[in-house]
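Start from the sequences and build out the full structure, keeping to the hints where you can.
Protein chains in written order, with our numbering: chain A, 1 to 211; chain B, 1 to 211; chain C, 1 to 332; chain D, 1 to 332.
Treat the hints as calculated values from the structure; they're not laboratory data. A quick note: this is a predicted structure, and the numbers were derived from the prediction, not measured. Just so you know, not all the hints are guaranteed correct.
[Unchecked claim] Chain D side only, calculated, beta carbon under 10 Å to chain B, not exhaustive: (1) E32; (2) G52; (3) G76; (4) G81; (5) G109; (6) M112; (7) D201; (8) F205; (9) A208; (10) P209; (11) G210; (12) G217; (13) P222.
[What the hints assert, rightly or not] Chain C residues, not near chain D, derived (Cβ > 10 Å throughout): (14) R40; (15) P59; (16) E129; (17) E167; (18) R179; (19) A245; (20) G285.
Here a beta-carbon is modelled for each residue, glycine too, at the ideal position from N, C-alpha and C.
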Amino acid sequence: MAISAKDISAAIARIQAGIEPVERRLNAADSRLGDGDTGTMLARLIGVMSSQSPDPSASVGAYLSQLAKAAARSTGSSFGTLIIAALMATGRETKERDSIAVDDVADLLGVARREMTARSGTGEGSKTVIDSLARLEAETRGAGSRADLAQRALAAVDAALDDFRDLPCRVGRARIHEASSIGHDDPGMLAVALLVRAAAGPKAAADTDIE
Amino acid sequence: MAISAKDISAAIARIQAGIEPVERRLNAADSRLGDGDTGTMLARLIGVMSSQSPDPSASVGAYLSQLAKAAARSTGSSFGTLIIAALMATGRETKERDSIAVDDVADLLGVARREMTARSGTGEGSKTVIDSLARLEAETRGAGSRADLAQRALAAVDAALDDFRDLPCRVGRARIHEASSIGHDDPGMLAVALLVRAAAGPKAAADTDIE
Amino acid sequence: MTKIINAPGTYVDESLEGLCLAHPSLKLVGDECRVVVRSRPKSAGKVGIASGGGFGHLPLFCGYVGPGLLDACAVGNVFEGPTVGTSLDSILNADTGAGVLCLIGNYGGDRMNFEMAASMAEDDGIRSELVLGTDDVASATEEEKDKRRGVAGLLFAYKCAGAAAEEGRDLAEVARIARKAVDRTRTIGFALAPCLMPGRDAPAFEVAPGTVEFGMGIHGEPGLWRKPFSSAEALAEEMVDKLLAEKVSETSSRVALLVNSLGASPYEELFILHRSVRAHLADHGIEIARVMVGPFVTSMEMAGASVSLCFLDEELETMLAAPAQCPFWAVS
Amino acid sequence: MTKIINAPGTYVDESLEGLCLAHPSLKLVGDECRVVVRSRPKSAGKVGIASGGGFGHLPLFCGYVGPGLLDACAVGNVFEGPTVGTSLDSILNADTGAGVLCLIGNYGGDRMNFEMAASMAEDDGIRSELVLGTDDVASATEEEKDKRRGVAGLLFAYKCAGAAAEEGRDLAEVARIARKAVDRTRTIGFALAPCLMPGRDAPAFEVAPGTVEFGMGIHGEPGLWRKPFSSAEALAEEMVDKLLAEKVSETSSRVALLVNSLGASPYEELFILHRSVRAHLADHGIEIARVMVGPFVTSMEMAGASVSLCFLDEELETMLAAPAQCPFWAVS
Ligand SMILES: Nc1ncnc2c1ncn2[C@@H]1O[C@H](COP(=O)(O)OP(=O)(O)O)[C@@H](O)[C@H]1O
Ligand SMILES: Nc1ncnc2c1ncn2[C@@H]1O[C@H](COP(=O)(O)OP(=O)(O)O)[C@@H](O)[C@H]1O
Ligand SMILES: [Mg+2]
Ligand SMILES: [Mg+2]
Ligand SMILES: [Mg+2]
Ligand SMILES: [Mg+2]
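Below is the structure:
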């Protein structure tokens, strides 16, 4: 039931397979106050990552670092960079492990979240990807199985979107337009939701509704 | 029955009074193959000229030279410059005369035409203002009175337009589009026609039809 | 907005190639050939100056590589920061042993990428300092000054830091001077028409014809307000007032002025705007020590302009007057 | 196409004022303040070089006043030649006793005005020679070469004549060199979007979006043909072929190249076009001795570009390499 590099690679492949509508939707979300490129950036990142197959003998950490390095030459957007930073940090954390136990996932999400916070200087409550990670971390703690993990993750990203939708965004250019960000999903948070959904696969996702 | 500086000044005032529709029409004509400014240029020239009142004791030539000098600082368009050149040349020719006899007008038109030809390097037959002048010169020769002169002039400019309308233009940018100039009046020739019409005044013009 | 391009995917690389072919003082290096450096080696022991940013703002960023200015510049895709990898390459190439000042615009992604690159460079034993351009007064209030974006005013920091480095000052000094230039520089811009990203069918943002989008960002980030265009005069007054609303810490009534085209607005209009801006500055008792008018920091074919002021002290004035040479700007 | 202006009627004069305030090396003289001259007196006894033309093409014409280039430049209204009076003022101001070369574009009005001005100057005892730029291959066939308009290629004549004058050559020599530069220079341009005259509601000519108007004049004079834009590559090939279709009298496979923006087309695109133009020139065995890429001769915010080739001989190459300095172009 543990998660191996191959499982991660399979999840990335699932994301890649359905990336087109995700790309369009994120670009639209980012067009409202940002520069309209969240989807394009994410698609490029996922494309590069999906072309990295894990060495059969590689540890999870080695694979995550490999993904980070490839990604580090593929995108310059803030969201992409935060993902790269998270991949590097979690890669360091798991460099000796062949797999990750389901109940270690929450801790790793915490590692990712703290690294993103350190890099961006953005804490929780600013309506960013970091808030989604915080919620993921909280909700997946204590997951008993991969299926359970998936359900909890899906619920978490939805809940994060719901909780923040009507709050103002406090990061980047949008800050001076806090009012107009109210009522709309942050593109980074929406990206996390759509990624989790695609990674979980259609079976798990069927029970949820981010649409 | 001779033409004095005051008569010329009065003709200019008549032209100035009705310049607006003339300006629009000439701009439209020049827009077809040229830069669309024949009307604007002419309006500016006439405006400056109409602000020059003749010294009561000035000869015709002195007044024409005065008009030329004022005009020389008012416009840089080809048509304007040809008019300035014509004013200078006819001014030199008449510098000792208090008035111009009706039957000297054709000769002076010849002076103007030759000066324009020398300045522009354009001979007759190229569908330009020079062709209108040539026709004016020919038709006004032998005019017996100012009324007769006006009628002959009106007929001449119309005839010039009619004769050249279906010929190709051979001057300036339009040259490489000779075909598309066929069927349309040359803006400079049209300008001469409209000027003569306005100068002649409504009474004389009533019997003709350039519309 | 028909673009003279071959394909969106080759836009940046072909353009960079064309740039370096036109200006042999520049060349491309790095794993992805996305770092512009000086062709002639710089003096060893000089502090290196690296910059970087998204493409689509030429001459910014990479056009300012040259003596007295930048040593290396990382180039991202259109309106997208350079990758961590490219940023790292720019630092490695700028270094001659005396450390590297990374001088970039304050954009989240760009900053994070350069920070990550700097920490990788440190692993290779290269010291660096990061200074962020934050001149766009439209992008945050005075209280949140350090959150402001960097726009055209970055040029003053390039010039001052470049001069300090060329003089042989050490990294801390060069960084101090860059920071001072940033602290004392402010920009306000407005857009009159949008630009189109290569490969897109429509602009990512709209500016209605006849409308002024006051404070719009160089990537089309929404402005402070929009209203119908009235006159260059009125706009100049509003811009100057906005720029002078905040006082620099030390009093300074002598400035360097940059009147910049965002792309499509031609020189003719810039000079008209410049004339009005000068008049309003004079009304406020501001003296203009230096002036630049032209397309220095653009957004492809966006129409509009920006006005930047660098409030001078003696040190900055000396640095701005020092010789510098790049394809788009020379001081001698 | 919202313009940063105050009023159409003050457009030219305010812009010229702003130009000279930004560039103190220039100043305005003449009865109507429509002649741009060098602020610093030039050496007495140097042949003067006067130019002139309509406004709306900055940096052309008056931006090229400076050492090694023009002495004086008469400025007309937008897209309208300078008046006879202003042309005369430019000749009077260019003269220091050694005569004046009048070097202008071959536009009927401009030519006639300078000729009239020259004959007036002669009355004052000032000798002059007139040389007309005729580089636009789209404006007449090879048989009627001398009827062609002058466009961006005029810069090469400015530069060569300017260098010859600065060297102390006499009027006949300076004129000979200017004529040679004109004879050996050809330009072809294309427009992608029109420009708007100040004060007008709509452009005086149309270029449909997505359409290339090949050979369109810098005032919007109709082009040779129009077709949908395909690629920078294809356009570059077509332009190079058109430029090389006529052979210069003496064989010359070494050229100076100018890739020029008509206004709104940004540097990014110019460099892409430049890259393709170079490749096609190389295919034809043409060697590029010098290159300029940028907005040098524009039509306000017209989109599009032009490519000029000056087929060099040793003399022209030396003249192009001589030092020159003006606000928009420096050779050192
Ligand atoms: N400084 C930051 N701190 C935290 N999250 C950020 C920050 N900047 C951007 N993000 C996240 O990234 C998303 C935008 O990503 P993207 O559009 O790819 O980047 P960019 O802003 O560089 O165009 C935002 O919605 C937000 O969730
Ligand atoms: N070289 C020339 N020779 C004779 N007539 C000319 C010449 N150039 C222009 N014209 C006349 O001037 C008219 C155009 O005038 P205008 O539009 O004011 O000048 P521009 O061509 O400078 O814009 C033409 O229709 C023609 O009659
Ligand atoms: Mg974005
Ligand atoms: Mg015209
Ligand atoms: Mg972005
Ligand atoms: Mg004209």
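For each hint, the structure was consulted:
1. E32: holds, 6 Å
2. G52: holds, 9 Å
3. G76: D/G76 check passes; min Cβ-Cβ to chain B is 4 Å, inside 10 Å.
4. G81: holds, 3 Å
5. G109: This interface hint holds because 4 Å falls under the 10 Å limit.
6. M112: Since the shortest Cβ distance to chain B is 4 Å, the answer is holds.
7. D201: Hint violated; D/D201 Cβ to chain B Cβ min 13 Å, cut 10 Å.
8. F205: Where the cut-off is 10 Å and the nearest Cβ of chain B is about 8 Å from D/F205, the hint holds.
9. A208: With a minimum Cβ separation of about 17 Å from chain B (threshold 10 Å), the hint on D/A208 is violated.
10. P209: Since chain B brings no Cβ nearer than about 20 Å to D/P209, farther than 10 Å, the hint is violated.
11. G210: violated, 23 Å
12. G217: holds, 6 Å
13. P222: holds, 6 Å
14. R40: holds, 15 Å
15. P59: violated, 7 Å
16. E129: holds, 30 Å
17. E167: Consistent with the label, C/E167 stays out of reach of chain D, its closest Cβ about 22 Å off (over 10 Å).
18. R179: holds, 28 Å
19. A245: C/A245 clear of chain D: closest Cβ-Cβ about 22 Å, beyond 10 Å.
20. G285: holds, 18 Å
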